[in-house]
Amino acid sequence: MDLSYSPEYEAFRTELRGFLEANRSQAPGHGGNGLAWQKLLIGNGYAARTIPQEYGGYGGEPDILKSRIIAEEFARAQLSPGLGGQGISMLVPTLLEVGSEDQKRQFIGPTLRGEMLWCQGYSEPNAGSDLAAVATKGVLEGDHWVINGQKIWTSTAHLAHWIFCLVRTEPDAPKHEGISFLLFDMKTPGIEIRPLVDMTGAANFNEVFFTDVRVPAHQIVGRRGEGWKVANAILRHERGSLADPNVMQSRLNALIDLMKAETLDGSRVIDNPVYRDRLMTIQGRVQALRCNDLRLLSAAVNRQSAPLAGMVVKLQGTELRHELEGFAVDVLGELGLLYGDTPRLRGGGSWQRDYMYFLGLIIGGGTSQIQKNIIAERGLDMPREPKPAKA
Amino acid sequence: MEFGLSEEQVMLQDSLARFLAGTGGLERTRTFAAGKDRRAPDVLQGLAELGVTGLIIPEVHGGVGLSLLDAALAAEQLGRFVAPSPFAATAVMAPLALIRAGDAGQQATWLPKLASGAVVAGVALSEITGARDGAGVEARDGRLYGRAQFVVDYEADLYVVADRARGLHLVAADAPGLTRTDFRTIDASRPTGELVFDGVVAEPLKAGDAPAAVRAMIDAGRVMLAADTLGAAQEMLDQAVAYAKGRVQFGRAIASFQAVKHMCAEMAASLEPCRALVWYAGHALDHLPEEASVMACHAKAHLSEVGTFVARTATEVHGGMGFTDLVGLHYWFKRIGFNRQVLGGPQVVRAEAAALQGLVA
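Read top to bottom, the protein sequences are chains A and B.
For the first sequence, my numbering begins at 1 and goes up steadily by one.
For the second sequence, my numbering begins at 1 and goes up steadily by one.
One chain only, chain B, in its complex shape (with noise of 0.2 Å):
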């Protein structure tokens, strides 16, 4: 009997802490964030080094092979970092779909290209979490029509696209009839859009059971962002408590008055439960087929629901500092932000926890 990490796991997380920090931290996600490339490829470049971008993908194909929960665990630290990177899909998601769905050649195709950061893959299936703006993929003889939004790692060379019917197909992103809209959002580290499909002829992934692929992509998603919280939530916590232990008003740190102190605890009693959650969600999507589905939506759902609370609460601990971009703790709480709403925010996923248990007639 053993939860919790190993010392492989816990090195993992202090390089890559160690290389994120070293790319200027926030200060590289504000160089992004003003500048006009959509992508980071220094620091696509640096994961891609570490393994990070290879992380699942098995050793035959150039990757670490590692688990979900090691995903995981590297998705809490690009969090805490705020990291301009695409990971959860081309990481996570888009392996997983080649993984269980793709046949030989296309796995032997992507996955190498994936794992070395050559090639970047999005993924578009937020239709099937929640349809925005009736959007939404049909598939007919081979081409793809439709609307697909909020794609995940929208600045990609490549899309994992799931129809209405929950097939998978590949869509390059330069394919004839496919048109790419940038949106802005809240959180200016990881841009996203949406995807308009005039009859785009796609490959699709036909060698598995891509219904089933699709659940598991959905669920490491979820944990995946769930994780990203858990770090930026950590991160804002631990500025919060620093912040407060050197602020003096009234002739002492304001972290000795108790109105402070308890927001703070209340931040720590509700984040560290957290941790061991999003350890289990990410262990059972590889070891408990049975709870992985309602595992990664209590993670999502609960990692949003605390995670918006230390946002809040962390900000206000700073005073108006909190609120200035100076102190730039607004990247955290935009990201947590995003997390929150992306693959399903927290009343669609619970909604989703209910039905998966026969809760609902």
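Extracted from the complex, chain A is given alone in its bound form (with noise of 0.2 Å):
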């Protein structure tokens, strides 16, 4: 056990801390633009950190722990760490893994400067836990994909400017092995997109239409039928991303602040052992989770392997914050019911705002039953359920 940094990393961070200072002033939010504060970060190795130069990124050397270094004191200067998205999240590390050579040249400069917004046409209507049964079609029809079909839960697409997506181009091949992943402009005609209202009162989703969408043969990732071995390297990545424990503990700090603000019969709840033994057995989970999370650092630092911890952190995380923002609202009581433009309103109504807000990421991403179905067969080695015989 050693928790400290080397004083290489410790540089790093006071050099970090540096940097934000004296730039506070060029960071969205506190006068400056997003694609140019972009720029500056990647230039100086804060964002794009490992992509290699001639794609337009910083051309570092991997390193686990100057990324989390990084994230940490973004998150203590309280600035916005570059952009994110979907594009540079899971497109461009898909890309850099199995992109050809064009795909790299022509898409990630683009994305990671923040000209090219991306979404992810993943689910449809018939094929949400069981992914692999999506059935967009695409047939190739001299040297392009015609497409037909519908996506769903497609976040941004109403801003992104291409997709990716998953289509199915062998339908004769086993559900798995059918699969191609294309990209494509979203400006290509007959593409319909309508928005998906949710719970929270906003459209955070669409839905869209592909009517003989034409898309040029060569705009594929990976061969043809290699769609989902593409697709699934990333979703592991999406899954540990929806469970940030820092973000929590930020969370968690603002509720300890409500509770501290907040009265019931003149008393502040802070003072009141009910609402207090709840805070404090949340804060002990939040803990749990922390340090799971530096369990898994350290594992990725040291290339050990701790298989179990991973695969928890999604369901975990979820669960425990949705518990957390619905705390949140008891704390306000009545006032918690209080939503959108209105009196008396208690943090913009992000409480109950993220209440909703993730159940529908304990929903997404795969279902806390599909994780405990991950769980189970991988990291406890139980049987899958049998098929049903055909009839």
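For the record, the hints were derived by calculation from the structure and aren't laboratory data.
Don't take each hint at face value.
For each label pair, taking beta carbons as the anchor points, the in silico distance ranges come out as [stated by the list, open to error]:
| no. | chain 1 | residue 1 | chain 2 | residue 2 | range |
| --- | --- | --- | --- | --- | --- |
| 1 | A | Asn232 | B | Gly320 | 35 to 45 Å |
| 2 | A | Ala173 | B | Asp325 | 47 to 57 Å |
| 3 | A | Leu3 | B | Gln357 | 15 to 25 Å |
| 4 | A | Ala261 | B | Arg132 | 30 to 40 Å |
| 5 | A | Asp130 | B | Ala355 | 47 to 57 Å |
| 6 | B | Glu7 | A | Gly201 | 46 to 56 Å |
| 7 | A | Gly266 | B | Gly345 | 29 to 39 Å |
As a list, the in silico BS3-like pairs of lysine-lysine whose alpha-carbon atoms are at most 30 Å apart [what the hints assert, rightly or not]:
| no. | chain 1 | residue 1 | chain 2 | residue 2 |
| --- | --- | --- | --- | --- |
| 8 | A | Lys104 | A | Lys229 |
| 9 | B | Lys245 | A | Lys387 |
| 10 | A | Lys175 | B | Lys245 |
| 11 | A | Lys229 | A | Lys137 |
| 12 | A | Lys104 | A | Lys137 |
| 13 | A | Lys387 | A | Lys229 |
Using N, Cα and C, we set each Cβ at its ideal position, and we do this for glycine too.
Both chains come to you apart, so use the hints to assemble them.
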């Protein structure tokens, strides 16, 4: 056990703090512009750090601890860590791994610079938990794929320039071997986007319909029928990112502040032992997940494995976050019901909104029940459910 | 940056597990529970030979000089094998009392004997973490008066007693004026009981800061009980998974039913982060003084909740067999129940965690 960072890393941290202090006024929300901020961060190696220079990145050596220090220091300074989104977090790593040289040169740079926004076309009405059942059809006609079908839960589809999309191109192949991973422009004729209003009242997601959408044949990542493999590599990446324990910690701190500020019958809520006990229960669970995260970080740095510790993060993290937000609503009582533009609203309605939103994240990215199947089958080596006999 | 176990720590756990399995494991505990003898000298002797009784005692006093995290790793194995052995008091809390508050003479007299297992020390401070039945100990003119309940490692030759003012005292088990009353609890693997002091002449530990030593003893004791629960709960989960794979109903292993799989997955998902929490809390005892007490409370409370959940769920996975003495799962169930209440139940330690953070007006 050694929780300290070596002098090299402490120096890196000090340098980063200096950078953030000197450039605070250029950050979005502090007078700066998001695209210029992103460029500045890439130029200094604080965004797109390990992506090769020829593709528009900084070209640094992969270093898990430096990545962690960057995340910690931007959070500490409460400054934007640069652009995110599914293009940067999911498509870029995929292209680096399996994209062609042309695809890397064409897409990675503009994506990193924020000039090219992406959405993810995975889920369908009949392919949710059973994602490999995607039925959106792609038929090769000459040098174009012709695409017909429907996607759902497509966040940012209305803003995205391009989509990365799972399409069934080999209808006669086994389920997992008949899918291809295609990239195409959202302005292609035949694409219709319908916003999907969710229980929070916002349209965080969309439905996307494809009617004879023509996509150049070379805009495929990997080979025909390899789309499932390509997609899976990055799905695991998404699951971990839905439950960042450092975000959980800052939400917990905000909850403690809320309990100190709010009163019930003239006394602070924090002084009520029933509420305080519940707060401490939640704090204990947050601590357990933070320690688990530290273990995963250390395992990654030291090339050790802790598979079960990784598998439980999405399930435990989203469930706990939902509970934390729901408890904050209880702290507020009737005031916790206030939502939208209304008098006496607390925290911009964020407690109620995140309480609902995290129910969405419990379901999205592989439901809690799917996570439990994964933990049982891959983590505990329990047998799969037998397939029903064909009629 | 390294947050994981070293090779030496893994070896420590492995050799302890080999020894405990060799004693007969559950069968040894059954014999102990059925017998009249309230000590298991063979188990204690083996632990002493492995260095477990002297784990945190400095080498100069005949110990191994390892850390409190190492002690927590040992506690985890004792819980895994429901070992009928003293540990939290004699190997951790009592040595801490002597190291932190004893003078050189007291250390030289007692630490080597604790390290070798020649002397077992119990710790009587339950009244500091929550007095029941109006119990408590007063110190007046070098003598102790009052009552201490639920003594940790009660079957002992020597007691470290905390009085109401958090002063610490050494009392021999056969001291005149000391009356011992054995308790029977659900947990047959670790006897406990109460001590009544009627003007017992006691030897104070007054070389160091006794209240600070009491704090350190409670923190460390709580982490040891949490680690014991971690080992016990992991064993129950492992047994539940193995049972579900072997048990066939409706023509298939019940492990292939999602209802059963999800019970096991929920246990694993709750328990796995507990491992890192116990490591962190154990590490904090020696290296992060500003966090140690709060993390000890969280480890104790959280492991109690998760342990209780696993104890109940693993029993259910076994169906009716889980309820029987034949399978013996109840030994772990009861061990987890004991760990939950001793040195402060979850509500008590959570209230303390809030107070330690300045959240109580």
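#### Entry: Numbers of unmet hints, in rising order
none
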